[in-house]
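Colleague: Next come the chains, spelled out residue by residue.
There are 2 protein chains.
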Amino acid sequence: MTNKEKPRMEVCLSPALLHLYDTRGAIVVIIDIFRATSTITAALDNGAKCVIPVASVEECIAIGASIPGSITAGERDGKVADGLEYGNSPGEYPREFIKDKTLVLTTTNGTRLLHMINGASDIIIGSFLNLDAICSYLLSHKKSVLLGCASWKDRFNLEDTLFAGAVINEVAHAFDINCDSARVARHLFDSSGGDFIGFLKDSSHYKRLSVYGLEKDMAYCATPNLHPVVPILSGREIVIR
Amino acid sequence: MTNKEKPRMEVCLSPALLHLYDTRGAIVVIIDIFRATSTITAALDNGAKCVIPVASVEECIAIGASIPGSITAGERDGKVADGLEYGNSPGEYPREFIKDKTLVLTTTNGTRLLHMINGASDIIIGSFLNLDAICSYLLSHKKSVLLGCASWKDRFNLEDTLFAGAVINEVAHAFDINCDSARVARHLFDSSGGDFIGFLKDSSHYKRLSVYGLEKDMAYCATPNLHPVVPILSGREIVIR
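From first to last, the protein sequence lines stand for chains A and B. Residue 146 in our numbering sits at position 146 of the first sequence, with consecutive numbering throughout. Residue 128 in our numbering sits at position 128 of the second sequence, with consecutive numbering throughout.
Just chain A, same shape as in the assembly:
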């Protein structure tokens, strides 16, 4: 297969750059490593019935109230948001707690990006926790791919881009990649030497969340393949098939 016959793979470094990419018919991987997409992946692998991502605390409360037995969750400034029950840590959703429940989760960056995508074939949820599962999905579907970094309030961040680089490292042979954002992601992956959490300790988000004592949480989020599932958006719900 020549390069031109391969499907295209690109990386969008921030939601503020999303308009530069054509997502029609493509698989879009939403990436919000610290911590939305990590938490969604963990909760679903631990048996959650589905995750409903919402933008605001108000919406989270309203949807939670309409679904019996659902869990409302989300943080603002590192604490459980007023009116919600749980936070945005993968460790809060072990199987014995989350199994068969609906998790209504409000996050800022990841949810916003997810709701901005138009016309995609599939919107799937990527994190180090399901790295290989995501790569297998992309390799088997043979469609154009946009790796979408949720970033932090539209600012480029290292952790989401590093994950994009980890994906590219595994699947580059099967895609046509001519995108400097993909190249920089790959360079970050190479620079990390595979020590993701060590590499990410010098990142803005790590420093921000460390203030709240979330180092163990972040180390968990940077561990590959603990939850080998592919969460996919179906209507308003994120599910595993």
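Don't read these hints as lab results, they were simulated from the structure. Treat the hints loosely; a few may be bogus.
Where chains are identical, the list cannot tell them apart; a pair therefore holds if satisfied intra-copy or between any two copies.
Stated by the list, open to error - Simulated pairs of lysine to any residue, SDA-like, Cα-Cα distance not exceeding 25 Å:
1) LYS216 <-> SER121
2) LYS4 <-> PHE199
3) LYS201 <-> ASN169
4) LYS153 <-> PRO7
5) LYS153 <-> GLU58
6) LYS4 <-> ARG208
7) LYS201 <-> SER191
8) LYS153 <-> ASP22
9) LYS153 <-> GLY119
10) LYS207 <-> TYR21
11) LYS153 <-> ALA120
12) LYS201 <-> ALA174
13) LYS4 <-> GLY69
Assemble chain B onto chain A, guided by the hints.
Modeller: Below, chain B without anything else, positioned relative to chain A:
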């Protein structure tokens, strides 16, 4: 000096992200390595009276017509634009040609970014050709700095970010840097091992311009310190003081 007492240094990876940064009172370095800021730097060091950056071919022709003896220049799709006289290559502006002349230059990415900056203390023009001169300027002025990558039609590019990394490599000790865009720029610089043009051969813009046979031009643009001047915007003109 503690970190908090140092002036802030940040990197803006694309004009589409400029709204995230506060440029009031800051020094903004405009970076458009291939090739606007390289050409501006070379022309001024070679004796040009000033460079007037303009957004459109029409504006270039109109301003050129109003200034006796001026040169109108700019490219579209790798060729001198219709109605203009010269291109966007530093090699076109040797001293014997450009000395004491006004260069009216239309470029897309660099000019657009330059005109988007509001309230900056100084807007200066950075390229590998004047790397050390830019670093000396930043170190001596002790103000907040935004390294502004012109990018390519708002898309992240390697060459501008690599230059930002080269600056950071020289001046980081004197600035408070807590910005993942600055960190990724520094990682790119480290990855390049100092072989800038070798590193940039795997970039979208290099591949695009190679189609027009501009490899030598780009190698020139990636050579440090051939033109050790600091071009600065003064009104509508870019000059050296």
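Colleague: Confirm or reject each hint.
Modeller: Results of checking the hints against the structure:
1. LYS216 <-> SER121: Classified as neither; 35 Å inside a copy, 43 Å across copies.
2. LYS4 <-> PHE199: Between copies only: 23 Å across chains, 34 Å inside a chain, cut-off 25 Å.
3. LYS201 <-> ASN169: For LYS201 and ASN169, both the intra-copy (21 Å) and inter-copy (19 Å) Cα distances are at most 25 Å.
4. LYS153 <-> PRO7: Close across copies (23 Å), not inside one copy (30 Å); limit 25 Å.
5. LYS153 <-> GLU58: within (20 Å within a copy, 38 Å between copies)
6. LYS4 <-> ARG208: Answer is between: at 16 Å across copies they meet the 25 Å cutoff, but 42 Å inside does not.
7. LYS201 <-> SER191: Both: 13 Å inside a copy, 19 Å across copies.
8. LYS153 <-> ASP22: both (22 Å within a copy, 15 Å between copies)
9. LYS153 <-> GLY119: both (23 Å within a copy, 23 Å between copies)
10. LYS207 <-> TYR21: Classified as between: cross-chain Cα gap 20 Å, same-chain 31 Å, threshold 25 Å.
11. LYS153 <-> ALA120: Both: 23 Å inside a copy, 23 Å across copies.
12. LYS201 <-> ALA174: between (31 Å within a copy, 22 Å between copies)
13. LYS4 <-> GLY69: Answer is neither: 50 Å inside a copy and 48 Å across each miss the 25 Å cutoff.
In the structure shown, a violation is registered for the earlier hints numbered 1, 13, in ascending order.
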